[in-house]
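Asks: Following the hints, complete the assembly by docking chain B onto the known chain A.
Chain residues, written in single-letter form:
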Amino acid sequence: MMKSFSAKNLLIEQQDFQQILIRGKGDGSFAETVNKEISLLPPSDNLRIISNDKFLFGKQSFDQWSLLCLEKKSDKEILNLISNMNKNEEILASDYSNTTYFEITGKNKNHYLNKLTHFDLRLKKFPVSTMAQTLIARIDCCLYNLEDKYILSCHSSFEDHFKDRLQDAIDL
Amino acid sequence: MKNKHWNHNIPFYPKSEIEGCEGKNQIEKIFIRTKKDKTLKIKTSMLCISGGLNPDIHLFTQSKGLVKWDEKILTFKPEKSFQNTTTLGSVSGNFDFEKLVEELNKKLSFIEGCNNVNTNIEVLGPKEFHIKEIWETKSLKKSLWSKSFIDLQNDVTTKDLRQAIREGFDRIEHLKRFTTNSMGTDQGKISSINALGIASKLLKKSVSEVGTTTYRPPYSPVSFSAIAGRSTYEFYDPVRKTPIHPWHEKQNAVFEDVGQWKRPWYFKKYENESMHDAVQRESKQLRESAGILDGSTLGKIEIKGKDALEFINLMYTNSFTKMKPMSGRYGLMLGEDGMVKDDGIVCKINDQHFIATTTTGGASNVLSHMEEYAQTEWPNMNVYMNSVTEQFSTFNLSGPKSRIIIQRVFPNVDFSNENFPYMTFKFLDYLDTQIRILRASFTGELGYEIYVPPKHALKLWERIFYFSRDIELVPYGTETMHLLRAEKGYIIVGQDTDGTVTPLDLNLNWMIGKNKNDFIGKRSLSRSDIIKSDRKQLVGLVPIDKTYGIEEGQHVIEEEDLNTPIKNPVKMLGQVTSSYFSPTLNHSVAMALIKGGNRKIGRQLFVSTSNLNTIAVEVVKPNFIDSENRRLKS
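Protein chains in written order, with the numbering used here: chain A, 3 to 174; chain B, 25 to 658.
Just chain A, with the same shape it has in the complex (with noise of 0.2 Å):
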């Protein structure tokens, strides 16, 4: 269920993205596979963010990454795309659309973030178009910082009780 939250200068939606999640080596063959598939080359530094209208690519280590797909696809896009990945022996990509994704935009939004985690947001330590993966209410979670916004992301069975302290958060 999607769900919107707001205070003062903060904004919080639930958004309903798809991701999958690729693990490889990174090199030539890994690029040329991904690029076929979402015409967009795999970010090569660690923690670093790519993205489009379509596509938000993120490096989580050095032999994974997150791709989200920010316009709607249907479920067998998703398994088509992740079935010509996987055609590359040395690939693995798994869906990961049982996510849950929150933006969070205005003003207040570190100050309201730093109620919630240890993480350091400031931009010297977290600058624009990285991505971290951090505790936030004490759940592993996945942030991605796009200048104008955060996107925060959480395994779905955590869902209820994340919205329960993203709320609190705010009542704070």
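Please keep in mind that the hints were generated in silico from the structure rather than gathered at the bench. All C-beta atoms in this analysis are idealised placements derived from N, C-alpha and C, irrespective of residue type, glycine included. Any given hint could be a false lead.
Stated by the list, open to error - Here are the computed lysine to aspartate or glutamate pairs in the EDC-like style, where the Cα-Cα straight-line distance is at most 16 Å:
no.	chain 1	residue 1	chain 2	residue 2
1	A	K89	B	D331
2	A	K89	B	D375
3	A	K89	A	E39
4	A	K27	B	E395
As the list claims (entries may be wrong) - Going by beta-carbon spacing under 7 Å, a handful of chain B positions derived as facing chain A:
no.	residue
5	V263
6	R264
7	K265
8	E326
9	K328
10	Q376
11	P403
12	N406
13	Y408
14	V412
15	E414
16	Q415
17	D456
18	T457
19	P478
Replies: Then chain B, alone, in the frame of chain A:
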């Protein structure tokens, strides 16, 4: 001061010291040695103590400033600051109130308006600061039991300090950790300086040479609630729910915490139904008809790569080389020590692609274990793993009528034994997505595991019930699952194993690939201690008198009588790991790990009870129903 106390008839003993105290369970008397070396005895119920006068240099040292001991005023004073720090008053060694104004004006002159401070302080006490060291009072050693405590929170005595130094702990940091002096919640405010003084005398060094330990925040005690923050009450621990959770709630499920997951423990059919009654009902109905369990919390790991087959062969004891694609195998994972670490079903899509299931609680550990080996032990292997636990909801449909139900739900698939044999799986198109059905069971009955993307899970779950309207399909919880698997003799890692159990102890020798060159734990399985015949082995227990129940966790013993003298305790053979009342057999069944268990099959032993009695049991094979697997493969 003196006059004030006298005015209120409170006796005051200047230049005296407390020599000792006495009492049982509480303080009753104190002994005061006066300046004339006389000892006074006073009845009391309270004694307040002080650690002496020391300025609070904590903030200065926490900002990494270095301190030096001042022999004249017997305190540490700032010597060199690390940050731009200014200290004033007693912290900087100035105990003279009259010189305080001068100090303020000098040190704070960089602040606008702070170079001409004037204060008029009336000093009632002595104008000059005098302090004399008394690191330890002369103790009144009335007996060997007398103690001179220095850290009242951690019960450290001055004798402990002496002993520690005698044993070579002559560095202050070592002395602190060995004795735990100054490690209580007061963070050494009472004991630290006195201990330093005593240590310096014993080591014949100055206090500066002995040094000081690190001052750590917080200065004032902080309550646990402040540290816990919002992690209290409903936010005490993050909660995970499966997509079927709302349905479970509507069906009066009582939930059990499994890790952070909320899992249905059992379903109450009516308000006053007890857990025992619910579990008996669910179990019976499943064995007679069909049952369904929400197994979405089951760990799932997708494994792919050129070397995936080799990797799986190394991670599990079983051999997967000759295993046919699109089939599953019950796999056992060991630690380097040969002990059972986890288990689950490994499904082979092809030699380069596998999906493994793990126990609910072990999911993240197994993934980390796999990652660790892939990255550090076999970095040249081309293999990758993704946790897909959250990406598939799992339904365990089981029971003699489960085939009828699943055939109705998926009419285009042939579920006959010939076309869908035990331990095989199929991918099916469902709506616009794909689901996977594995023919496997943890109940001992004909069963299917359905893996469906979570967004379609609830609808499919309801669809299954819709097609079972004329069949008594019962939703069951984890307690019934435990009962059913115990009847069949299936183990639960962590319940029937405890980190000291090998596959041989569980009679799972058949799961060890005999022709495999290697797997994690292989070497350990040939150690002399592992192969000896009197290790604890898994057996079944059945009460001789079928009206008795066997309690989980009780001792298994050879003697009927527990009342043996303390010098000759009852010899314990092992313990009951699982026990349930079987509605199918109408008596209690249990599994136990007992010494030389395999050789004891057929014998009578005894199991202790919580009211210190024993009940006679027969040792049997740990399999109570369908030992030929007819139901499973029907």
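Asks: Hint check: is the beta carbon of P403/B less than 7 Å from a beta carbon of chain A?
Replies: 11 Å, violated
Asks: Just to be careful, I want the Cα atoms of K89/A and E39/A compared with a cutoff of 16 Å; is the pair within it?
Replies: Status holds; Cα separation ~12 Å.
Asks: Should the hint that R264/B touches chain A count as held when the rule is a Cβ pair under 7 Å?
Replies: 4 Å, holds
Asks: Is the hint on E414/B kept, meaning its closest Cβ partner in chain A is under 7 Å away?
Replies: 5 Å, holds
Asks: Given Q415/B was flagged as interface, is its beta-carbon under 7 Å from a beta-carbon of chain A?
Replies: Given a least distance of 5 Å, the restraint on Q415/B holds.
Asks: Holds or violated: is there a CB of chain A closer than 7 Å to the CB of V412/B?
Replies: 6 Å, holds
Asks: Given P478/B was flagged as interface, is its beta-carbon under 7 Å from a beta-carbon of chain A?
Replies: Status holds, d = 4 Å.
Asks: Close enough to count: is the Cβ of T457/B nearer than 7 Å to one in chain A?
Replies: 4 Å, holds
Asks: K328/B was flagged as interface toward chain A. Is the shortest Cβ-Cβ separation under 7 Å?
Replies: 4 Å, holds
Asks: Can you confirm whether the C-alpha distance between K27/A and E395/B stays at or below 16 Å?
Replies: With Cα atoms ~15 Å apart, K27/A and E395/B stay inside 16 Å; holds.
Asks: Measuring from the C-beta of N406/B to each C-beta in chain A, is the shortest one below 7 Å?
Replies: Because about 6 Å separates N406/B from the closest Cβ in chain A, which is inside the 7 Å limit, the hint holds.
Asks: Does E326/B pass the interface check with chain A, least Cβ-Cβ distance below 7 Å?
Replies: With a closest approach of 5 Å, the E326/B hint holds.
Going down the numbered hints, you'll see the structure goes against just number 11.
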